[in-house]
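Can you build the whole structure from these sequences, using the hints too?
This is what each chain is made of:
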Amino acid sequence: MRITQSMLLRTALNDVTQQRLRLSRIQEQASSGLAINRVSDDPVGASAAILLRAGIDATSQFEENVTQARNRVGTIEAALGQTMDLLIQARESATQGANGTESPQTRAILALEIERIHEEMVAQANTRSGDAFVFGGFSTASPPFVASGPFDDALPAPTVSYAGDTNEAQTPIDERVSATTTLHGARIFLGDADGDGSVDPGSEDLFGVLATLRDALRANDQTAVAASLTGLSNAIDQLSLERTKVGMTDTKINDLQSRLAIRKTELQVRLSETQDADVAAVFSDLINQEAALNATLQSTTRLMQSNLLDFLR
Amino acid sequence: MAGLFGILDVAGRGLSVAQQGINTTSNNIANVNTPGYSRQRQIVGSSLPIQNPNGNIGTGVEQTSVERIADAFVQAQIVKQKALSGSTDVQASALATIEQVFNEQQGFGIGAALSGLYESFSELAAAPQPGAPVQRETLRASAQTTLDMLHAADAQLRAQQASTQQAIEVMLPEINRLTTQIADLNRQIQNVEGAAPANELRDKRDEAVRMLAAKIDINTFADGGSQMVVLPSGMPLVEGTIANELVSIADSSNPFDPTFTRIGFPNGGSMVDVTDSIGGGELGGLLRVRDSILPSAIRSLDSIAYNLTTSVNTVHNAGVGLDGTVGGFFAALPGVENAARDIALDANILVSTDAIAAGLTSAPGDNRNAVALAALRDARQAIFLPGDPPGPASGPTRSLLAHTASIVADIGQQSATMQSSRERDTRVSEILENRRDEISGVSLDEEVTQLVQLQAAFQANARVMQTIDRLLESILTIL
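Taken in order, these protein sequences are the chains called Y and G. Here the first sequence stands for residues 1 to 313, where the numbers follow our numbering. Here the second sequence stands for residues 1 to 479, where the numbers follow our numbering.
It should be emphasised that the hints constitute simulated quantities derived from the structure, not laboratory data. Careful: at least some of the hints might be erroneous.
Said to hold, decoys possible - Per the computed footprint, the stretches of chain Y lying under chain G, defined by three or more beta-carbons under 8 angstroms from a beta-carbon of chain G, are:
id: 1; segment: 120-132
id: 2; segment: 160-170
id: 3; segment: 219-229
What the hints assert, rightly or not - Simulated restraints, written as ranges between beta carbons of each label pair:
id: 4; chain 1: G; residue 1: 317; chain 2: Y; residue 2: 283; range: 47 to 57 angstroms
id: 5; chain 1: Y; residue 1: 9; chain 2: G; residue 2: 474; range: 51 to 61 angstroms
id: 6; chain 1: G; residue 1: 32; chain 2: Y; residue 2: 268; range: 51 to 61 angstroms
id: 7; chain 1: G; residue 1: 222; chain 2: Y; residue 2: 303; range: 47 to 57 angstroms
id: 8; chain 1: G; residue 1: 239; chain 2: Y; residue 2: 9; range: 29 to 39 angstroms
id: 9; chain 1: G; residue 1: 474; chain 2: Y; residue 2: 309; range: 20 to 30 angstroms
id: 10; chain 1: G; residue 1: 467; chain 2: Y; residue 2: 309; range: 29 to 39 angstroms
id: 11; chain 1: Y; residue 1: 141; chain 2: G; residue 2: 351; range: 19 to 29 angstroms
id: 12; chain 1: G; residue 1: 162; chain 2: Y; residue 2: 269; range: 38 to 48 angstroms
As the list claims (entries may be wrong) - Only some residues are given here: those of chain G computed to face chain Y with a beta carbon under 10 angstroms:
id: 13; residue: 119
id: 14; residue: 417
id: 15; residue: 421
id: 16; residue: 423
id: 17; residue: 445
Since we're looking at a predicted model, the values are computed, not measured. Where is the CB? At the ideal position from N, CA and C, for every residue including glycine.
What follows is the structure in structure tokens.
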């Protein structure tokens with residue numbers, strides 16, 4: 001076989017080009033920290049990375065939604081807790097008013113107390129999280145509970161009507177998991193779950209109970225005051241049930257928050273395994289490849305310099 | 001009996017042959033790096049002796065020819081390989097550019113934009129404010145980002161298609177120049193070769209054929225002293241001393257750009273469209289890039305855009321905007337074709353974000369439709385492919401993100417395959433070029449050895465002359 005100058009040159013040039021290419025790929029990995037720098041480096045990995053990144057994005061969004069839902073549910077829990085306190089205060093006042101030894105003046109004072117409780121409860125029923133009313137169903141922009149007027153000496157007490165709707169908003173907090181973030185206020189405060197405008201059988205209108213109590217106290221009607229205690233107890237039971245439901249939602253959200261964090265970490269680890277360069281391996285490759293290139297360059301220059309003319313004198 | 005002057009003649013001829021040999025050798029050395037040069041070899045023979053009954057008297061040496069050392073078989077293999085390499089090289093470069101459009105490794109791209117859009121739907125569903133004015137703006141902005149991403153990717157691919165078209169148009173005059181050159185060389189070789197082999201002209205012609213083969217796949221065969229060049233479809237590009245030029249013909253029905261052209265071959269009075277028969281060479285590669293690789297990439301984008309529009313609109317149409325509007329989120333598209341270019345937000349959404357149907361009613365707290373829109377992220381749907389509408393979707397059932405990821409994988413796979421083809425073709429080319437050099441290349445060591453040998457021959461012949469000169473001198477002194 002004849003070996004000619006151009007063959008040496010061509011082979012050397014191709015080898016050096018190939019090695020430079022490999023070196024530049026390794027350098028690219030070292031500088032980007034990624035094993036996949038273009039889709040063709042690993043088509044399957046690059047495509048899996050897209051879905052993993054989308055999964056991480058989705059999980060981050062669910063985490064943000066969880067934060068929003070937590071705020072909402074926290075507000076709802078606090079409002080219902082306050083309402084419960086008010087009902088208990090009202091029951092204490094009713095118990096006191098039902099006592100035959102109390103004077104009419106005391107009952108008048110207790111009536112004022114119930115008026116305060118009533119007003120505060122309307123405020124609680126119109127609680128907002130951010131700017132959104134949480135007890136109005138989907139009608140979050142305007143106060144869902146409207147009193148027919150202020151308290152005055154007249155009887156009967158003003159009534160409270162519901163301006164919201166019967167819906168409850170569900171905030172998505174995971175795939176196919178959601179948290180209830182606005183409530184059907186009429187069910188909770190007016191005992192009207194079916195939304196027909198009147199109290200359902202077996203339920204209590206919280207404002208109505210207070211109004212009856214206040215009117216009874218103001219009228220100094222001891223029997224009626226005693227009778228209202230049953231309604232108050234029922235109202236407290238009704239509210240406890242709603243509080244339990246909200247508490248369950250809160251627990252669900254808390255559990256989910258840690259689950260989302262774990263899932264996100266898992267996805268990030270998998271993304272890193274899919275696309276990140278093994279830094280130690282990259283640097284050892286870099287050194288090996290550099291050595292190989294140097295060896296090629298050295299042997300090439302030595303080979304190309306020598307020919308027969310060196311030895312003819 | 002040979003006279004002294006006869007011997008002087010023999011020595012003179014020996015000197016001259018040695019000198020011609022040195023000339024051939026120095027010509028080889030001078031062309032050691034000339035591309036396409038084939039080494040030449042001096043062919044010598046003893047000249048005819050003078051017949052003599054007492055023994056023939058030798059008349060020395062003569063150069064009968066200067067031969068060119070070349071192998072037609074290797075040349076034919078190189079011609080085939082050049083066409084392959086030219087095509088894979090062009091396609092691999094094009095795919096390397098295309099895959100950048102689909103590269104999401106830096107964390108942004110079509111998949112990330114889609115994911116961001118679904119995130120915005122989810123954010124709207126979880127909005128803390130009644131009516132969610134901020135989330136509506138965010139959603140419209142992130143939808144716009146997705147559209148920008150699709151538009152930009154589409155524009156990039158179409159620009160690449162247009163520049164491929166330009167490259168095709170530039171390629172034709174180059175091919176025509178080479179075929180004209182080959183035809184000219186055929187004529188010159190015919191003219192010269194009556195007397196002596198036209199070594200340099202044949203080298204030039206082989207080189208021109210190799211250059212032509214890199215641009216377009218051709219079949220070649222020798223016809224007498226001429227090189228015939230024909231297209232794979234049988235159309236002759238070079239017939240003896242006649243070159244037939246390729247011409248561009250308008251392709252007004254091209255679905256991407258009516259200014260694109262096809263390749264025509266004037267056959268007698270009629271024009272034959274040979275575009276589809278050109279599979280190899282740079283021209284074949286460019287045609288494949290323009291007519292097959294880029295269209296499939298553009299249609300992939302179109303399928304993402306169309307399926308996004310239909311899936312989002314189907315859900316969005318079921319809802320009601322804050323202002324009571326019922327309608328689409330994106331402007332309706334007539335079909336998959338050009339969807340990536342034409343996709344746009346619905347006119348109502350552009351006017352006011354209140355037209356975004358977050359709920360099934362216009363109540364400010366109603367987020368049911370936003371929840372349904374956010375659920376599209378993982379919703380599996382039959383994918384509409386180009387040509388489907390108005391018919392049903394014929395693609396696989398998968399989520400749009402999975403569809404996008406599979407498109408990316410497909411483009412990456414094409415690019416990876418083409419890159420390894422290119423590497424293989426580079427290797428094969430190297431082996432063939434080396435094979436050619438092994439036969440035809442100039443080896444300095446060999447030429448220097450030859451030079452030493454010829455130098456000795458020259459010196460020996462000179463010594464013979466000197467001896468004859470002495471002999472003549474001694475005879476002259478006798479006189």
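Evaluation of the provided hints:
1. 120-132: holds (count 4)
2. 160-170: Result for this restraint: holds, n = 4.
3. 219-229: Three-residue rule not met by the segment 219-229 of chain Y, so violated; n is 0.
4. G/317 - Y/283: 47 to 57 angstroms: Holds, since residue 317 of chain G and residue 283 of chain Y (Cβ atoms, about 56 angstroms apart) stay within the stated range.
5. Y/9 - G/474: 51 to 61 angstroms: For residue 9 of chain Y and residue 474 of chain G the Cβ distance comes to about 56 angstroms; the hint holds.
6. G/32 - Y/268: 51 to 61 angstroms: holds (60 angstroms)
7. G/222 - Y/303: 47 to 57 angstroms: 37 angstroms Cβ-Cβ, so the 47 to 57 angstroms window is violated.
8. G/239 - Y/9: 29 to 39 angstroms: With a Cβ separation near 37 angstroms, residue 239 of chain G and residue 9 of chain Y satisfy 29 to 39 angstroms, so the hint holds.
9. G/474 - Y/309: 20 to 30 angstroms: Since the Cβ atoms of residue 474 of chain G and residue 309 of chain Y sit about 41 angstroms apart, the hinted range of 20 to 30 angstroms is violated.
10. G/467 - Y/309: 29 to 39 angstroms: holds (32 angstroms)
11. Y/141 - G/351: 19 to 29 angstroms: Between residue 141 of chain Y and residue 351 of chain G, where Cβ atoms are some 21 angstroms apart, the hint holds.
12. G/162 - Y/269: 38 to 48 angstroms: holds (44 angstroms)
13. 119: holds (4 angstroms)
14. 417: holds (9 angstroms)
15. 421: violated (12 angstroms)
16. 423: Residue 423 of chain G check passes; min Cβ-Cβ to chain Y is 8 angstroms, inside 10 angstroms.
17. 445: For residue 445 of chain G, the interface hint holds, since the closest Cβ of chain Y sits about 5 angstroms away, which is under 10 angstroms.
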